[in-house]
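K.L.:
Each chain, letter by letter, is given below.
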Amino acid sequence: MTTPQHGDERAILRTDGLTKRFGGLTAVDDISFRLPAGEIRCLIGPNGAGKSTFLKLVTGTHRPTEGTVHFDGEDVTDLKPHVRVRRGMSLKFQRISTYRELTVEQNLRVATQRIHDGRDATRRIDELLDLIGLTAEREAVAGSLAHGDQQWLEIAMAMATEPKLLLLDEPTAGMTIEETRETGELIQDLVREGMSILVVEHDINLVRQVADRVTVLNQGSTLMEGTVEEVTGNEDVKRIYLGKQAEGTA
Amino acid sequence: MTDAGGPGAIARLRDLLEGQNTLGNSTRFWYGFLVVVGFIFAYPFLTNPFVLKVNTDYFVWMILALSLAVVWGYTGIFNFGQTAFFGLGAYTFGIVGITLIEVTGGTNVAILAAIVVTMIVSALLGYFMFYGQIRGLYVAILTLAVALTGNLILVRTTNTTIGAAELGGNNGVTGIPSLTLGGGPLSFPLGITAQYYLVALLLVATYLGLRILLNSYYGYVLLAIREDEDRTRMLGYDVRKLKLIAFSLTAGLAGFAGALHAAWGNFIDPTVMGLTAASVPIIWVTVGGRDTLIGPLVAAYALQSISTKLSTVGSGYTNIFLGAVFVLVVLFFPDGLIPAIVARWRERTADGHDIDRSNTTEAEA
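These protein sequence lines are chains P and L, in that order.
The letter at position 182 of the first sequence is residue 182 when you use this note's numbering, and the numbering goes up by one with no holes.
Positions in the second sequence are counted from 1; adding 1000 to them yields this note's numbering.
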């Protein structure tokens, strides 16, 4: 285990030598990552770079082959996912995973009731509905909502647990340009309220809009880390993205 | 509803009982409910002991139907072997009851034993299933296998005795004591009418208790688990533990119903764990509407009374009837009859504000 470096005390999330192998495939290879509290970090990289696996190691869905995860100063490597959530970590899944057959209100109640009970929960649900603009859809079945609204409902559910760290896995997938911009504003509001946010995102416009810093993963390792300008100006980053396109995977 | 005082007690009670997870939240519903309950309690004055006796057993089946609705309809755990726990409760009650009736004079301990044994056995089974990541239809297969295995073991118990009880193989356990009230030397056995009242009271209490549960914190969690386990885990809930608790509590309720059934007929045999017996509660719950409580109640009562009438016509008709009803309902009303009726009724009366749940989900599927 590496000794903590100076300044790590205020990192909300820290991984050291995090590695995950599936048989012969090393999906995540020795990633040592720091996310200072109060920062919006975007995690980018081509398909198969290890972004999703990295998130799953952070949330505890996967157990690492090697390495550790520290959250808010505590070693959470051996904690189960639901315990990590209770410590203040929250995830918005990549796929839409609202409770499709339940109403919008039922969805939010499941998300809020662990923290607020009774009338407090109702008040919190009202706030969240207002925030995502779904007050009129309160009694609608979640599966009947438009795609973008379901994404927002999902984000609201992740927020409802009042996390210190919000993990967003492609929050704007399938959204219009306007919806993406509004989502970006929502993310910036959350950080102002004191959250730290890690976003896996493909949409470079959203990255430019919200990211304090960007971490680029490639083939399971950290390729580089820097500001949006540094990253987009980097030759290696251009090469892995252009190389991907040159192979004609689209 | 918001301020204390005045008609506070009723409002607070309704607050507990009502919510979007159960059907029947209007004042009109509660008036109807009171009329039905009133009728049930007046029924002994209107009919003969034979009819009362038959109805008492229907009420027991209705408790079993409720237990299956909660574990399957609400929590999404397809327990195809709920009758295994019903049977286990019945056998436990029989064995403990026969052994202890001479000693204690009552059946309280036997009832308690039936509940405790089914909860322990179901918790063990549930632990291996849920902590072994067994999900979906595999749960149905495994629980059905448990019921059928129980049946196979029980038919081979000729000349086997546990305590003072002779298990009797295919012939079953006879001489099981009727329910008693009171305790110790002050216990007295209940007559037909008293037993009817007691079981009716237990049924009403179970229904109301489950409504409170389903509209509480845990009700929302159970629905969430049914809808998406991974999502629910990532909202901070210990899904495996909660599934285990739901599975074990509803099995305990089924075991309790089994004990009442054994006391009602003074008899239990292995057919209670057979394939037919395992299917029948699934049919009630499907036909009535599995994510409601009122649907399985109505369906269990209606289908059992029709089955009883058909069985006097000739053997085999009952199964053909139940099979046909099941297939028709699954084809035309996949969410069950009661939700379909409610949806139709809302369509007619609503001002377009009410959300038609069943149709919306179907259109999306």
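Any given hint might turn out to be false.
As the list claims (entries may be wrong) - Negatives, chain P to chain L, calculated, CB over 10 Å:
#1 67
#2 85
#3 123
#4 192
#5 234
Said to hold, decoys possible - To give an idea of the chain L side of the interface with chain P (calculated C-beta under 7 Å), a few residues:
#6 1138
#7 1218
#8 1224
#9 1227
#10 1233
#11 1234
#12 1235
#13 1236
#14 1238
As the list claims (entries may be wrong) - Cut-off 25 Å, straight-line C-alpha distance, at most; resulting in silico cross-link-like pairs (SDA-like, lysine to any residue):
#15 P/80 / L/1133
#16 P/80 / L/1128
#17 L/1241 / P/170
#18 P/80 / L/1136
#19 L/1241 / P/137
#20 P/80 / L/1309
#21 P/80 / L/1319
#22 P/56 / L/1229
#23 L/1309 / L/1319
#24 P/164 / L/1230
If you are wondering where the hints come from, they were derived from the structure by calculation, not from laboratory data.
A virtual CB, placed ideally from N, CA and C, is assigned to each residue, including glycine.
K.L.:
All hints are to be evaluated individually against the structure, with a verdict given for each.
P.N.:
Verification of the supplied hints:
no., hint, in the structure
1, 67, "22 Å, holds"
2, 85, "4 Å, violated"
3, 123, "12 Å, holds"
4, 192, "24 Å, holds"
5, 234, "33 Å, holds"
6, 1138, "21 Å, violated"
7, 1218, "10 Å, violated"
8, 1224, "4 Å, holds"
9, 1227, "4 Å, holds"
10, 1233, "5 Å, holds"
11, 1234, "5 Å, holds"
12, 1235, "5 Å, holds"
13, 1236, "4 Å, holds"
14, 1238, "5 Å, holds"
15, P/80 / L/1133, "15 Å, holds"
16, P/80 / L/1128, "18 Å, holds"
17, L/1241 / P/170, "30 Å, violated"
18, P/80 / L/1136, "22 Å, holds"
19, L/1241 / P/137, "33 Å, violated"
20, P/80 / L/1309, "54 Å, violated"
21, P/80 / L/1319, "47 Å, violated"
22, P/56 / L/1229, "16 Å, holds"
23, L/1309 / L/1319, "12 Å, holds"
24, P/164 / L/1230, "20 Å, holds"
Checked against the numbered hints given earlier, the structure breaks hints 2, 6, 7, 17, 19, 20, 21 and satisfies all the rest.
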